[in-house]
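Chains as they are written, first to last, in this note's numbering: chain A, 1 to 275; chain B, 1 to 703.
To be clear, the hints were calculated from the coordinates, so they are not data collected in a lab. It cannot be assumed that every hint is accurate.
[To be verified] Covered by chain A, per the in silico footprint, the following chain B stretches (three or more residues, Cβ under 8 Å):
# : segment
1 : 493 to 500
2 : 509 to 517
[Stated by the list, open to error] Below, computed lysine-lysine pairings styled on BS3-like, alpha-carbon distance capped at 25 Å:
# : chain 1 : residue 1 : chain 2 : residue 2
3 : B       : Lys580    : A       : Lys261
4 : B       : Lys580    : A       : Lys205
5 : A       : Lys261    : A       : Lys172
6 : A       : Lys205    : A       : Lys220
[What the hints assert, rightly or not] Pulled from the structure, derived: some chain A residues nowhere near chain B, Cβ distances all over 12 Å:
#  : residue
7  : Ser62
8  : Asp65
9  : Leu120
10 : Gln146
11 : Gly217
Predicted model, so just to flag it, every value in this text is computed and none were measured. Cβ coordinates follow ideal geometry from the N, Cα and C atoms, glycine included.
Given next are the chains, with one letter for each unit.
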Amino acid sequence: MIVVALSLLLSLSAPDQPSKRPALEFKDAPTADKKATLNALALDRVRFDANELRELLEYGLSDDDSEVRRQSLMAVAGRSARLWYGMTPTTGGDQERLALKLLRPRLVALLDEEDEQLRLAALLALGNLELERTSQELILGPDVSQMFAGLYARDPSPRIRQEILKTFALLKTTGDPKPVATAVLNGLTVSDVTTVQYALMAVAKLQLAQALPAVAGHLKGSDRRIRMAAAQGLAAFGVVSRPYLPQLQQASQVEQDDITKRTMLGAIAALTPPQ
Amino acid sequence: MWILLTPSTKASAQPASCTNFTDHPLVAASTTVKAVHFTELRSCINALRATRGLDAATWTDPSLVPGETAVRSVHLVELRTALAAVFAASGLTPPEFGGDTIPGHTLITATHLTAIRNAIASVPLCTYTVDPQLTSVSGTANDVVVTVTTGTGCAWASFEESEFASFASTAIVAGSGAATLHIVANETLVPRTITAVVASTYVNVIQARVPCSFHVSPAGANVGSGPAEVTFSITTNECDWSATENSPFAGFSTAEGSGNGSTTLHLDANPTMQARTVDATIGGVAVSVTQAGVTCTYQVTPNSEQFLTSAATTLVFNIATEAPCSWTAVEDSDFSAFTSSTGVGAGSTSLTLAENPSSSLIRVIHVTVAGMSLTVNQGRATTSTASGELVQPTTVPPGQGDLVFGLYCNGEVTANYPTNPIDMRLTVYVDGQDIKTQVFNGFGGIAAFIIADVRASVSDRVAECRLQSAIGGNKSAFFTIPGAGPGSVTLKIAAFIPEEFHVAPWSTEESVRLVGGDARGFQYTGGESRITQIIEVLNPAVNDDTVLSGPHNHSGLSMEYEFDTSLDPGEPLRLSQAAKDDWVLGPPMKIIWGYASVDEVSCDAPQRLSQQYGFFTSSLLVHCSASARYPFFPLSPDIDWDYTVRLTFTNNGFDYVVSGCHDNFPSQELYLNGHAVVNDPHESELSIFPPCESFPTKTGSVR
């Protein structure tokens, strides 16, 4: 099977030879070969003309096999990530990115797949594709920010919700801030530790001061990741969160985990007014 | 089917009003002209006009009253004119009435009336020939054309009041012509008669019922070679049907029927190896049944490798099958032969072997009987002996109270094909007490290798494995094994970043971020990692439980630093201590820190493997996997690994087979009791994207 996959890859990457278009050859290839090709694409081990790449991925995203669809999404994510990782010359990167952006409607449709792994892959593909890097920060465009907030509201998967809140915590979201804030505030109330952790980080990133009481409440969380993120969250608000210094101090006195204790003490130091 | 009848001619008599005139004949100068004479002529002429399709004439003084109405010339003129139209419609020249005009003073006499009466008598009668008057048509929609032959001007018409038929036209026709009767399809199951009237003649049309239809199910069938039955269901609109076939080996249970029903085709067993087909017809519908030929199966005994002594002998092969299945028997030696090389049906054949004269060579014959191949070994001309040379560890471990240990027994024996089969016996003794004995059906191999996993729970004792041969009693050596290999093995799996730091891909021109690394190389103990997975599994040779502890999943602290402020000015490739000690969120140094989730880091319950002899062995299968994500890496897939570790414990260690995959970022390591099995340095960050890269299977031993 490996030989066949290599054959496909070789023929795909040899445009001089008269053969079927790569996308058509991909479409008719055995499933194992499709996956091998998509993996090679994700890892930047094979290159195509931008439009050929888009056409091939269109077939992959519509394939009957759900794993091929997932691998196609990861290929889109990988190719897109490669662009903002700064691994491609600007000219070729722009062309490829423009071509990949034509896949956007299909990616959006796959956000509603029944399979959780497919939805997660669609989320990663869309996020990486739409991520913009300025000289100062990474920005998630308004459409995708709103789309992710909407997906958070309707998707029952903790894994997907974690990834959405992680994105809100680490990237600059744009557009209407309300749906994003609604998602983040909801994340503070769930039982999943990782979701709460990212929600606390996002509260700090978005400076949602109305959530400070809830953030302070998480200082008593049962998991060190939550307690640590809560302390970091309070620190991120600066003087605004000074009213919660007593709670921080109380939490630091009973904290058993060394790093979490250091974090709480660091937050206390940052919030305490200078003498 | 059409029924044609000879068309009949129907003549119309003169109208009744034209006969029996009053005072007939009128006698000139004698008979007095009366009003009734005019009235009768008016009626007659109008009746004649009707036969020619003419409208009734209108008369002056429509009602002539005797004794009151005066006879006027116009009354006579109107009679002549109305009658002349009858002649004209018949294509005849009107008669002369003694002058075209009757002046007003002319006396109306009997002569005038007699001339009219005579003219009336000369009007030709209308005859009608209608064809057909009785006919039959099919059940579908039909048009029946009825022709009418008659004289010029003779009027006729057609009508039909049935809901099943109608005439194309019901207008009055003058002269010869035709009428077309439209008949709708007869959807009923019975014929019907439609009666129409054409030119006052009844025309009867018999319309047949709806055509018969037959649906037969199934349309065909495939059956096995044995006696078979196929039942066909017939669906029809109350029609008669018959079932016929063309085969000497098949017949229908019911050859005829009416209406819906069924019939079964019985087929005799097919005695041949060829398939055959029965073509049949049911209600006119062709059906086909294909009967498979006999499928030959063979059972041959003996059917396993044979070990014979060196003596001349005969080996009988019995072949169980049925005619007409044929078989062959072939062998490849020049010192043996089959008594029968072919046969049909059940039978037997014998392989005769000459004595093997060699004292050193074993002879091998490859035979194939009825498609079954086996090897026949003919032993050397030696006496039967058995000997054993067994691995015998000599070290006895010190007792440690209720130390639980396992036994690992193996041995080799060489035998010279004595009888078949031989038994080789592996017995475990503990302190001289036989606690477990396994009997293996040995084989006369040149080197018989037996490996068994036998467990014993003893305290500070000596265990013993003994290998015996069934012939000649205890001829093998025996050995004593003091204990098993290690009581447990620790698997440690980790993913780490070897560098002190790593430039984050999400850095920007104005803000270069550093991902804190683990600053270490591959190592079993010590050092930090992104994710660590540890599980201690028990030696299954000595424990029923498989897990001593774990899996313990550990997440290292993930940290992010600001490039400009966090490097050590003296050693720019290292982070400054101040940055490491900075626990205040945000710039200038350590920006953020946290732990990754270990929710998706797990090991399945280890699985004990069965040995070929059906006993638990000292082999254990451990499967561990992880999907972990760096908490500050936006929109990134998980860091994946998936290891399957097979451990086989021996008396002094264990063997391993490790297969699986891991992402090539970050670096990956796997240790077994401190023994490095996977030490793979990382590639680019893109390697966290699928696939989970497979690595070559790693095998080895730890002693």
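Between Lys580 (chain B) and Lys261 (chain A), is the straight-line Cα distance small enough, at 25 Å or below?
Given pair Lys580 (chain B), Lys261 (chain A) holds - Cα atoms ~15 Å apart, limit 25 Å.
Looking at Ser62 (chain A) again, its CB stays over 12 Å from all of chain B?
19 Å, holds
Just want to verify: Asp65 (chain A) was marked as not at the interface with chain B; is every Cβ pair farther apart than 12 Å?
Per Cβ check, Asp65 (chain A) is outside 12 Å of chain B; nearest 14 Å; holds.
Need the status of pair Lys261 (chain A), Lys172 (chain A): alpha-carbon distance at most 25 Å?
Outside the cut-off at roughly 29 Å; violated.
Report holds or violated for chain A covering the segment 509 to 517 of chain B, Cβ cut-off 8 Å, minimum 3 residues.
Contact hint for the segment 509 to 517 of chain B vs chain A: holds, 3 residues under 8 Å.
Holds or violated: Lys205 (chain A) to Lys220 (chain A), with C-alpha atoms at most 25 Å apart:
Holds, at roughly 21 Å.
Taking the minimum C-beta separation from Gln146 (chain A) to chain B, is that value above 12 Å?
Since the minimum Cβ distance to chain B is about 17 Å, Gln146 (chain A) lies beyond 12 Å and the statement holds.
Holds or violated: are the alpha carbons of Lys580 (chain B) and Lys205 (chain A) at most 25 Å from each other?
23 Å, holds
Does the claim that Leu120 (chain A) lies off the interface hold, with its Cβ farther than 12 Å from every Cβ of chain B?
9 Å, violated
Does Gly217 (chain A) really sit off the interface, with its C-beta more than 12 Å from all C-beta atoms of chain B?
Per Cβ check, Gly217 (chain A) is outside 12 Å of chain B; nearest 19 Å; holds.
Can you confirm whether chain A covers the segment 493 to 500 of chain B, using C-beta to C-beta distances below 8 Å and requiring at least three such residues?
violated (count 0)
In this structure, the earlier hints numbered 1, 5, 9 are contradicted, and the remaining ones agree with it.
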